[in-house]
Every structure is written in structure tokens, then in C-alpha cells.
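Asker: Protein chains in written order, with my numbering: chain A, 923 to 1118; chain B, 923 to 1118.
Bear in mind the hints are in silico, worked out from the structure with no lab data behind them. Fair warning: there could be bad hints in the mix.
One copy or two, either will do: identical chains are not told apart, so a pair holds if it fits within one copy or between any two.
As the list claims (entries may be wrong) - Pairs of lysine to aspartate or glutamate, DMTMM-like flavour, derived with a Cα cap of 20 Å:
| hint | residue 1 | residue 2 |
| --- | --- | --- |
| 1 | K945 | D930 |
| 2 | K1023 | E997 |
| 3 | K1085 | D1055 |
| 4 | K1085 | E960 |
| 5 | K1085 | E971 |
| 6 | K945 | E1017 |
| 7 | K1085 | D1012 |
There are 2 protein chains.
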Amino acid sequence: MSDTGTLDALVQALRRLPGVGVKSASRMAFHLLQNDREGAELLSRALHEASSRVQHCERCHTFTENRICDTCLDEGRDAARLCVVETPADQAALERTGAYKGYYYVLMGRLSPLDGIGPRDIGVQQLLQRATDGVVQEVILATNFTAEGEATAHVIGEALQRKGIGFTRLARGVPIGSELEYVDLGTIAHALADRR
Amino acid sequence: MSDTGTLDALVQALRRLPGVGVKSASRMAFHLLQNDREGAELLSRALHEASSRVQHCERCHTFTENRICDTCLDEGRDAARLCVVETPADQAALERTGAYKGYYYVLMGRLSPLDGIGPRDIGVQQLLQRATDGVVQEVILATNFTAEGEATAHVIGEALQRKGIGFTRLARGVPIGSELEYVDLGTIAHALADRR
């Protein structure tokens, strides 16, 4: 039996964090135990609290401590618009723009057949139910413009079309402040095709 | 009061980890809560266990759950040699070579005046006491070959010299498997000066 069993267990547990390998995990464990035991206890409590309290909003599927999240409870929003995003971070980015006042549906992921993540895992069925409540008139697909995000938007778009629900996709184009010379060709081609 | 208070607290707590900014912390929190609640609970317990059980070895200052660590209790080692390293990870690297059979003193840090870390913080006084026990004949300075590690070795070397204790430094030279063309000039100059 090693005399550093709990330390080894901590390094192993830190490796469960995304993007953390054995070297980073050792460095984190060393830092917390040598310089920041208070931080270690704080993080321990925060993990337990969040893990036991945070659940999914019944309407939009995002993280919340209640049955329905604050955004879905906000009656001042435009109920005819429903914006589909991949994660709460994407939702937060849209909120920060101040340009959208409708409701959200958070997939909490994206389609990724290689990782075994199919339509059921991102709750496409619940999204369709939500979108066919008779109030929603437009679903705005705001998944990321990555291969997986595009595929997710495509699959959801087809399902919405079969149900006869109108949907739009965020515009593809040249980002604000960029010089054409440095923008990738696919983006410029899209911006040309979608010119207005 | 936000309905995601515990989630925000978790993101803040994760930022106490070295090298983790707000984006990484959000990604980690999202991953744990969405895909790995078991990992979150595991990490929570591991942090608490390690933080409450791990202490410093009274002889070599490394992390241990006991009063004296296993390495210091190992009577098969050469008590005449004492190797000074910065961290337990450095000690582990030396152990893996299988080329050293003496004891260690782990500074648990390095001199870094800019961060307010002086000789007292890395236990130079305890090291001198340990090295003047009458048994130790050679102190091997194996701090890192960075600016701070070199400064640490220099300060400890001077203190040992005043006490009349013999010390050596790990050899500087060309790493195994490297081509001279790609080795930095300072290293080649050292390898030339120390040729044998």
C-alpha cells in the first residue's frame, strides 16, 4: 500500500476533466495541495453541490436548479421564436448580443455518430414536441458552423420540414472587422451567394 | 438569485486550477454535469480526501499520508547521498531511471523572488539541518535547469559550502538521441567545457 494513495486517486480523478492528461493532473494536484488547500475544499464542495442540484429544464433542456429555468419562465419573450443551440455557452453568447428576445431549446450536445451520439441523445423528439405546440412559428437553427453542427442543423431542419414548421439558419458570411484577404474561401463563397 | 448559482460557483471553483481560464472551466463543468456526474462526485471526494490526509514528510518534505514517507523509511538506500529536487514529480523521474539509490529532499517549489518565494518557503534551513546530520557526505542538486532552478541550486550550493558539505550538480550536456545541429548553443558550450 502506497503512502500517497489519496494523492494518486486525486490525480486519477482530475484526469476525468476534459483536456487534462496525467502531467496536467499532477500539476493541478501539486498546486492545490501545496498552495491552495482552501481551493481544493472549495472545489470539492462546488462539485458535490452542482452535481446534486443541477438538473435539466423541462422546457428547454438547459441546466437549471429548478424544474423550469429562468429564461423559460420569462414571460416577456417572443413565444413565436425558438432558437436551437448546442450548449448553454452558445445560448449565453446569443443572449449577450441582446438581439434575440425569443425562447431557446438547448440540445446539450450535437449529433456525432462517431461518438455514438444520435438524435435521441440530443432530444430531437422533445424539440419537435416543443416546436409543434401551436405557438412557435419559427425555429432558428443556431448550432455551430462546424461539420457536426451543420449535420445537426440539417437533421433537425428535415424533421421540422416534415412537420411543416418554418425554420431558419443563422446567416453565414464575413465576420465583422475582417479583411477579405484573410477570410477562408468557403465563407466568401457563402457571403457572395447570400448577398443582399 | 440565479437559477444556476451552483453551476456558476463550480465554474469559479474550477478556475482555481492552474492553467484553467473561464472558457476551460465552463467546458469542464459542462462535461462533468452533462456526461460524467459520477466523475464529478469522484473528484469531489478525491479532493476532500487528499486535502485532509496528505501532509509533508518530516524528513524529506515530500507529500505523504504518514509522518515519514516510504522512501525515507526505505533502509536499503545509501544514506551518504541526498538528492535535492523541486517537486515530487522530479523525484519520480529520478526514481524511474533506477540510477539513484540515495535519499531525497523535496523543496516543494523553487526560489522565485518575483512570486515572493524565498529560501524560507522552500525549507533551505531544514535542508541544511538534514545535510549536516553527519551521515550525508554528498548533496546532489537536481533542481531544474531553468533560470529559477539554477538560482535555487546556486543559493543552496553556497549555503552548503559555508557548512563545509560537499555537493554536486546534475551534468549539463547534450541530451541522448539529439543532433548537435538542433541543440541550443548554451548546452553545446556546457557540453564542451565539461567534456570527459
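Asker: Now tell me if each hint is right for this structure.
Answerer: Quick rundown of the hints versus the structure:
When the C-alpha separation of K945 and D930 is checked against a cutoff of 20 Å, the pair qualifies only within one copy, where the shortest distance is 12 Å, while the shortest distance between copies is 27 Å. For the identical chains of this complex, K1023 and E997 are intra-copy neighbours only, at 11 Å inside a copy versus 72 Å across copies, given an alpha-carbon limit of 20 Å. Within a single copy, K1085 and D1055 get their C-alpha atoms as close as 12 Å, which meets the 20 Å cut-off; across copies the closest is 84 Å, which misses it. In the homo-oligomer, the alpha carbons of K1085 and E960 never lie at most 20 Å apart, since the shortest distance is 54 Å inside one protomer and 38 Å across protomers.
With identical chains, the CA atoms of K1085 and E971 are never at most 20 Å apart, being 40 Å at best within one copy and 53 Å at best between copies. Taking the shortest Cα distances, K945 and E1017 sit within 20 Å of each other only across copies (17 Å), while inside one copy they are farther apart (37 Å). In this assembly of identical chains, K1085 and D1012 lie within 20 Å of each other by CA distance neither inside one copy nor across copies; the values are 26 Å within and 62 Å between.
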